[in-house]
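Participant: Listed below are the residues making up each chain.
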Amino acid sequence: MSTTATSIEELANQEYKWGFVTEIEADTIPKGLSEDVIRMISAKKNEPEFMLEWRLKSYRQWLTMEEPKWSTVRYPAIDYQDIVYYSAPKTKIDQLQSLDEVDPELLRTYAKLGIPLREQELLAGVAVDAVFDSVSVATTYKGKLAEMGIIFCSFSEAVQEHPELVQKYLGSVVPHSDNFFAALNSAVFSDGSFVYIPPGVRCPMELSTYFRINAKDTGQFERTLIIADAGAYVSYLEGCTAPMRDKNQLHAAVVELVALDNAQIKYSTVQNWYPGDKEGKGGIYNFVTKRGKCLGVNSKVSWTQVETGSAITWKYPSVLLMGDNSVGEFYSVALANNYQQADTGTKMIHIGKNTRSTIVSKGISAGHGQNAYRGMVKILRGASGARNYSQCDSLLLGDQCGAHTFPYLEVKNTSSQVEHEASTSKIGEDQIFYCRQRGIAAEDAVSMIVHGFCKEVFRELPMEFAVEAQKLLGISLEGSVG
Amino acid sequence: MREHKMALLEIKNLHASVAGREILRGIDLTVGTGELHAIMGPNGSGKSTLAQVLAGRDLYEVTGGQVLYDGKDLLSMPPEQRAQEGIFMAFQYPVEIPGVSNMYFLKAALNTIRKSRGLEELDAMDFLTMVKEKLALVEMDPAFLNRPVNAGFSGGEKKRNEIFQMAVLEPRLAILDETDSGLDIDALKIVANGVNGLRTPDRAMIVVTHYQRLLNYIVPDYVHVLADGRIVKSGDKNLALELEQTGYAGVEEAVTA
Numbered sequence: 000m001s002t003t004a005t006s007i008e009e010l011a012n013q014e015y016k017w018g019f020v021t022e023i024e025a026d027t028i029p030k031g032l033s034e035d036v037i038r039m040i041s042a043k044k045n046e047p048e049f050m051l052e053w054r055l056k057s058y059r060q061w062l063t064m065e066e067p068k069w070s071t072v073r074y075p076a077i078d079y080q081d082i083v084y085y086s087a088p089k090t091k092i093d094q095l096q097s098l099d100e101v102d103p104e105l106l107r108t109y110a111k112l113g114i115p116l117r118e119q120e121l122l123a124g125v126a127v128d129a130v131f132d133s134v135s136v137a138t139t140y141k142g143k144l145a146e147m148g149i150i151f152c153s154f155s156e157a158v159q160e161h162p163e164l165v166q167k168y169l170g171s172v173v174p175h176s177d178n179f180f181a182a183l184n185s186a187v188f189s190d191g192s193f194v195y196i197p198p199g200v201r202c203p204m205e206l207s208t209y210f211r212i213n214a215k216d217t218g219q220f221e222r223t224l225i226i227a228d229a230g231a232y233v234s235y236l237e238g239c240t241a242p243m244r245d246k247n248q249l250h251a252a253v254v255e256l257v258a259l260d261n262a263q264i265k266y267s268t269v270q271n272w273y274p275g276d277k278e279g280k281g282g283i284y285n286f287v288t289k290r291g292k293c294l295g296v297n298s299k300v301s302w303t304q305v306e307t308g309s310a311i312t313w314k315y316p317s318v319l320l321m322g323d324n325s326v327g328e329f330y331s332v333a334l335a336n337n338y339q340q341a342d343t344g345t346k347m348i349h350i351g352k353n354t355r356s357t358i359v360s361k362g363i364s365a366g367h368g369q370n371a372y373r374g375m376v377k378i379l380r381g382a383s384g385a386r387n388y389s390q391c392d393s394l395l396l397g398d399q400c401g402a403h404t405f406p407y408l409e410v411k412n413t414s415s416q417v418e419h420e421a422s423t424s425k426i427g428e429d430q431i432f433y434c435r436q437r438g439i440a441a442e443d444a445v446s447m448i449v450h451g452f453c454k455e456v457f458r459e460l461p462m463e464f465a466v467e468a469q470k471l472l473g474i475s476l477e478g479s480v481g
Numbered sequence: 000m001r002e003h004k005m006a007l008l009e010i011k012n013l014h015a016s017v018a019g020r021e022i023l024r025g026i027d028l029t030v031g032t033g034e035l036h037a038i039m040g041p042n043g044s045g046k047s048t049l050a051q052v053l054a055g056r057d058l059y060e061v062t063g064g065q066v067l068y069d070g071k072d073l074l075s076m077p078p079e080q081r082a083q084e085g086i087f088m089a090f091q092y093p094v095e096i097p098g099v100s101n102m103y104f105l106k107a108a109l110n111t112i113r114k115s116r117g118l119e120e121l122d123a124m125d126f127l128t129m130v131k132e133k134l135a136l137v138e139m140d141p142a143f144l145n146r147p148v149n150a151g152f153s154g155g156e157k158k159r160n161e162i163f164q165m166a167v168l169e170p171r172l173a174i175l176d177e178t179d180s181g182l183d184i185d186a187l188k189i190v191a192n193g194v195n196g197l198r199t200p201d202r203a204m205i206v207v208t209h210y211q212r213l214l215n216y217i218v219p220d221y222v223h224v225l226a227d228g229r230i231v232k233s234g235d236k237n238l239a240l241e242l243e244q245t246g247y248a249g250v251e252e253a254v255t256a
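Those protein sequences? They're chains A and B, same order as listed. Just so you know, numbering that gives the first Met the number 0 puts 335 at position 336 of the first sequence, and the rest follows in order with no gaps. Just so you know, numbering that gives the first Met the number 0 puts 239 at position 240 of the second sequence, and the rest follows in order with no gaps.
Bound-form chain A, shown alone (with noise of 0.2 Å):
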């Protein structure tokens, strides 16, 4: 047993890196929620009526709602009067026009968490948005991409230069009454990143955003809308981190995709909000909605996920597919340790004909880490033809650790065809020595085994951000072949 809890511990107590805190001027209204507040945050973005009138609806709905109570996660009642709606930085950010006028203390923040905003721009073929707790601070590339006619902005430059676009589609993939979570970031969202592919284009880099929470009590409730209209193409990244704070901080975002005829999406997260320290003290809440649409015939909506942060992650990416031949895919690794809890799946639901669906989940939990995946596969009546595929796999560390699999099928269709599997396996002592004895150390070889186990999900992942889950998860990849 020591040897493996030797390195399980270990890799269990890397320190989390970017838990500093920048010290930074911000624009902060009280705490608190009410129609007043709301008011004020669309006064703020200057928004159109629309906008304000979308988000009274919201809040009016989702004062009739309660938070949902069916996951296997639990955490003491939430005060929502107790958490603060916007907090922005006081740089004057609708009037930048390059990143020589962001303040220099943000590019520092983002420099040290390994996003250079600058080289970045220079180098990486990717493109940024940088979201800091409520705004949008800085978008690389925004001039290039622009030439191709794609739109890569925040979301309240979506609002003020792209109004119809907002208009037709925000909330066409997550109603404002979806959940409790989703009507309450659609009354209060600040920002987030707006993207839309013209027909035919395919994006030449990847995009991406990057999320910090920085300030205190502060929620951060960002909202994504990407649109790929027909034949077009984007792979879009999506990263976090926070400070370590003892009090928990909320974290409700919403991302809408979009796809039309023959259009594709891939989206990948990479998702490390402070977890809390190890006895469970502060972490991240994360109640996330995020959907996609095969709206039109052909298209593809692709989810990956590493989710090694926050202390409670609630999120289900999904896909409705209602285009004829229509794909979606969800592959993720989920990481609950210490007292971390993980409630995370999909939601494949199949409308069109000839539809198809992969599903590949990899839970490890460790610690006192519980791991819960919660899918739905439903193939509706007209989906004839319709196929899905479902792997769900567990690795435990240790044996105080959880994992649970919780999947539901729904067929309506008797021409469909669904397949599930599913295991549950332990790193074993014999795995660890057995490695040992082969020259590796311990830490390496849980690493090593680890990474084997995630390998299905961290090839989905584009290059730059294999890297970065590897890193995570506490992998060297230091030359790897095959």
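FYI, nobody ran anything at the bench for these hints, they're computed from the structure. A hint or two may mislead.
[As the list claims (entries may be wrong)] Distance condition first, Cα-Cα at most 20 Å in a straight line; then the derived SDA-like pairs of lysine to any residue:
no., chain 1, residue 1, chain 2, residue 2
1, A, Lys425, B, Glu95
2, B, Lys114, B, Met129
3, A, Lys425, B, Val94
[Stated by the list, open to error] To list a few chain A residues with every Cβ distance to chain B over 10 Å, as calculated:
no., residue
4, Glu52
5, Lys56
6, Val72
7, Glu163
8, His175
9, Ser176
10, Asp177
11, Asn247
12, Tyr407
13, Ser424
14, Gly438
15, Ala441
16, Gly451
Keep in mind that this is a model prediction, so the values were computed, not measured. We treat Cβ as the ideally placed atom computed from N, Cα and C, and that holds for glycine.
Following the hints, complete the assembly by docking chain B onto the known chain A.
Facilitator: Showing chain B alone in chain A's frame:
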């Protein structure tokens, strides 16, 4: 008995127990460079325990005695250090590691060992060239490199994989723990050929086996019979043949007498 060449391994009065039960009750054994020692004995005599204790498995508690490897105190080293110092054990039950390719695993192992010796790590190309040669030794297909470690392997493939790993890692002391168990005669011959191909004047081997059969193909310099946690008889290859005739009953009587 002949005088040993330079002693690589010296086991002195080694005692070890598992869960409070004493399994090894005073083992004395000296293995010189270039020698091949066979350890034989009935089930439960402590053969595999001896192999595992030498490799550093912490299921077993060493309760007495000393082991010197190349003059150094072996028992104070963690298993990975023993491997880095040149000790290799071919497992009786090789372990599966799903999702980790043989190639990746072996390259990580080899480079860790090389690094510990101050040698440069091999890059992917040099590594591939080298392993392809070694594969031939155990008649394995290169496609096998991309398969996950031992996952879905037949019993014979697993044992061949152990010998292949040994060929790549080039140990100074190889311990083969019941490498013949579960092998049909063809697989046994391949494994034995592999082992024989790796016998060199500067490499010692300890072959643990229940049956004499393996020793028809891997001819030992010394044979030791283990019973009830002690070496009760030592001799040359003829001792193994003798045991084939008489069985272990005779040696067990010798212990109790």
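Participant: Are the hints correct? Go through all of them and say.
Facilitator: Consistency of the hints with the structure:
1. A:Lys425 x B:Glu95: holds (12 Å)
2. B:Lys114 x B:Met129: holds (17 Å)
3. A:Lys425 x B:Val94: holds (13 Å)
4. Glu52: Glu52 of chain A clear of chain B: closest Cβ-Cβ about 51 Å, beyond 10 Å.
5. Lys56: holds (48 Å)
6. Val72: holds (28 Å)
7. Glu163: holds (48 Å)
8. His175: holds (42 Å)
9. Ser176: Label holds. Min Cβ-Cβ 42 Å, cutoff 10 Å.
10. Asp177: The assertion about Asp177 of chain A holds, with a minimum of 36 Å to chain B.
11. Asn247: Non-interface label stands for Asn247 of chain A: nearest chain B Cβ at 34 Å, farther than 10 Å.
12. Tyr407: holds (27 Å)
13. Ser424: violated (8 Å)
14. Gly438: Answer for Gly438 of chain A: violated, closest chain B Cβ roughly 4 Å.
15. Ala441: violated (7 Å)
16. Gly451: At about 3 Å from chain B, Gly451 of chain A fails to clear the 10 Å cut-off, so the statement is violated.
Consistency with the previously given hints fails for numbers 13, 14, 15, 16, ordered from lowest to highest.
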